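Here the protein sequences come in this chain order: A and U.
Under numbering that gives the first Met the number 0, the first residue of the first sequence carries the number 0, and numbering increases by one thereafter.
Under numbering that gives the first Met the number 0, the first residue of the second sequence carries the number 0, and numbering increases by one thereafter.
Please note that the accuracy of each hint is not assured.
Now the in silico label distances, taken between C-beta atoms and shown as ranges [claimed, not checked]:
hint: 1; chain 1: A; residue 1: Ile274; chain 2: U; residue 2: Arg127; range: 38 to 46 Å
hint: 2; chain 1: U; residue 1: Thr147; chain 2: A; residue 2: Asp154; range: 40 to 48 Å
hint: 3; chain 1: U; residue 1: Asp152; chain 2: A; residue 2: Glu100; range: 51 to 59 Å
hint: 4; chain 1: A; residue 1: Thr191; chain 2: U; residue 2: Met189; range: 30 to 38 Å
hint: 5; chain 1: A; residue 1: Ala272; chain 2: U; residue 2: Met0; range: 34 to 42 Å
hint: 6; chain 1: U; residue 1: Ala34; chain 2: A; residue 2: Ala272; range: 31 to 39 Å
hint: 7; chain 1: U; residue 1: Ala34; chain 2: A; residue 2: Asp154; range: 28 to 36 Å
hint: 8; chain 1: A; residue 1: Val4; chain 2: U; residue 2: Thr147; range: 27 to 35 Å
Hints were generated in silico from the structure; no laboratory data involved.
Quick caveat: nothing in here was measured; it's all calculated off a predicted structure.
Every residue, glycine too, gets a C-beta built ideally from N, C-alpha and C.
Number of protein chains: 2
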Amino acid sequence: MTHTVISSATKEVVIGFDRPFVMIGERINPTGRKALAEEMKNGDFSRVESDAVAQVAAGAHMLDVNAGIPLADEPALLARAIQLVQGVTDVPLSIDSSIIEALDAGLAVYKGKPLVNSVTGEEEVMERVLPLVAKYGAAVVAISNDETGISIDPDVRFQVAQRIVNRAADYGIPSHDIVVDPLVMPIGAMGTAGRQVFALLRRLVTELKVNTTCGASNVSFGLPARNHITGTFLAMAISNGMTSAIMNPLHPEVKTMVMAADVLAGNDQDCAAWIRAKRDPGAAIGSREGRAGGRRARLAE
Amino acid sequence: MTHTVISSATKEVVIGFDRPFVMIGERINPTGRKALAEEMKNGDFSRVESDAVAQVAAGAHMLDVNAGIPLADEPALLARAIQLVQGVTDVPLSIDSSIIEALDAGLAVYKGKPLVNSVTGEEEVMERVLPLVAKYGAAVVAISNDETGISIDPDVRFQVAQRIVNRAADYGIPSHDIVVDPLVMPIGAMGTAGRQVFALLRRLVTELKVNTTCGASNVSFGLPARNHITGTFLAMAISNGMTSAIMNPLHPEVKTMVMAADVLAGNDQDCAAWIRAKRDPGAAIGSREGRAGGRRARLAE
Chain A
0 MTHTVISSAT
10 KEVVIGFDRP
20 FVMIGERINP
30 TGRKALAEEM
40 KNGDFSRVES
50 DAVAQVAAGA
60 HMLDVNAGIP
70 LADEPALLAR
80 AIQLVQGVTD
90 VPLSIDSSII
100 EALDAGLAVY
110 KGKPLVNSVT
120 GEEEVMERVL
130 PLVAKYGAAV
140 VAISNDETGI
150 SIDPDVRFQV
160 AQRIVNRAAD
170 YGIPSHDIVV
180 DPLVMPIGAM
190 GTAGRQVFAL
200 LRRLVTELKV
210 NTTCGASNVS
220 FGLPARNHIT
230 GTFLAMAISN
240 GMTSAIMNPL
250 HPEVKTMVMA
260 ADVLAGNDQD
270 CAAWIRAKRD
280 PGAAIGSREG
290 RAGGRRARLA
300 E
Chain U
0 MTHTVISSAT
10 KEVVIGFDRP
20 FVMIGERINP
30 TGRKALAEEM
40 KNGDFSRVES
50 DAVAQVAAGA
60 HMLDVNAGIP
70 LADEPALLAR
80 AIQLVQGVTD
90 VPLSIDSSII
100 EALDAGLAVY
110 KGKPLVNSVT
120 GEEEVMERVL
130 PLVAKYGAAV
140 VAISNDETGI
150 SIDPDVRFQV
160 AQRIVNRAAD
170 YGIPSHDIVV
180 DPLVMPIGAM
190 GTAGRQVFAL
200 LRRLVTELKV
210 NTTCGASNVS
220 FGLPARNHIT
230 GTFLAMAISN
240 GMTSAIMNPL
250 HPEVKTMVMA
260 ADVLAGNDQD
270 CAAWIRAKRD
280 PGAAIGSREG
290 RAGGRRARLA
300 E
């Protein structure tokens, strides 16, 4: 059984086929968030901190931290954001940048074993990112595209993932520390995007035996009621073997579907998390006396 | 591509891997509905008719009709119910009984090509039901249990399904007229129920190449917020190849997840059904003037 262990100074999260799905909070990312970008550039990280706390309260098991702001000192901003987030929450982090110096700066200050987001199958990217992942003993998100772009053929994307896993091994990074992102395209633009990803996931799980992740909200881009599309996508992806996603845990539809999918995949032992989250004992018992009796019964257990 | 065609006098429904998921309304069934059972026994079919109309209005593509009432004349009740339902809706029906005389009476009055619900892998049941299915040129639900009960081993259930398909062929019933029910157990009682069904579905789709159905609500029996569990189950089942279900289309959570799963499986062409159902142009535009402008723009198209 493939287990990817990610940690903070005090907490460990295990990504695996036999584990509850790992929700990685996506909110700490200035891309498309003008106010947040402006604040971070001016040294105001209050929203970063409150977003961290809110996502963890909503059930995020990990948080993605991105500081990609044009014309800003991204390495310094990312390192600062990581330190502050690690100060207000104890969940492990995903350090998210396409700039090698920013990844390095983030890794240098991180306490624990983070997830590096990301490496691709491009030669130059692998040569720069993988040694860093190896140096810090981190895990890494491997995105299944290369110099030729994103293939619409799932078999080509599988080969790219396989190439990254093989190259990582050359640097001493075990395959259980690679979390493959099969790349999820907007279903509104490409009707085959879902089927492609599900087929690719099955190959990644059965042949490469790696854990997987994705930027989930991309699938619903441009569609109405998009949280229902995103949540349903995640449930379908989970039944094809996906084990984590970078997503917004503050959307209740999405979180509910992920929790239900954990139940149905057999990864919520005795449905305990589901029952805890959804049970309304008053409604089930139906009277004040009944409720009080129920409370007493629980206390007496 | 396997297509199971079911019809009424005027309407055809096609169950298939490349088609939108077929929702078969489950409500016309007196089991566990005391008032309905009492009314039907007394010759009052008004609720049967209103349930038929309501389910079709909610999006049911077909309706299951069951008249299983203890100590009642089930053949006469089922035939009457079918005639009345065919009088108020034009969707094809599933004729649901475990009593051969009731199936026969229902088939005798049905207009079109119905789905017979059901045959099992029990020798005696196959010998009685399959000739009837062949005689009327119907399609049939094949439930994957036999004299030994319901196996917890998906491979045994696969073999039972295969046996029914083979036996049906002896009667001249083609495999595209067999819709296999893999049997869905309550996930609250058996944590592996989901994984079992998903694995079995993949074998049924890739090896037997048959369409599939199930009594969907069974999966969530005993759990809180059960419509979310049922809907999420259906989305996961769809991504593993399930093509229809006997379900309640009046539950909006369930219907929304089925529609979203159609989008993600690539079976809702250009997301047209989803966009029609979910678009709220006023909300997107945000002002009275904007809304009026939006209306004008659409009229001008």
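So, going through the hints one by one against the coordinates:
no., hint, result
1, Ile274(A) - Arg127(U): 38 to 46 Å, "42 Å, holds"
2, Thr147(U) - Asp154(A): 40 to 48 Å, "41 Å, holds"
3, Asp152(U) - Glu100(A): 51 to 59 Å, "55 Å, holds"
4, Thr191(A) - Met189(U): 30 to 38 Å, "34 Å, holds"
5, Ala272(A) - Met0(U): 34 to 42 Å, "40 Å, holds"
6, Ala34(U) - Ala272(A): 31 to 39 Å, "37 Å, holds"
7, Ala34(U) - Asp154(A): 28 to 36 Å, "56 Å, violated"
8, Val4(A) - Thr147(U): 27 to 35 Å, "43 Å, violated"
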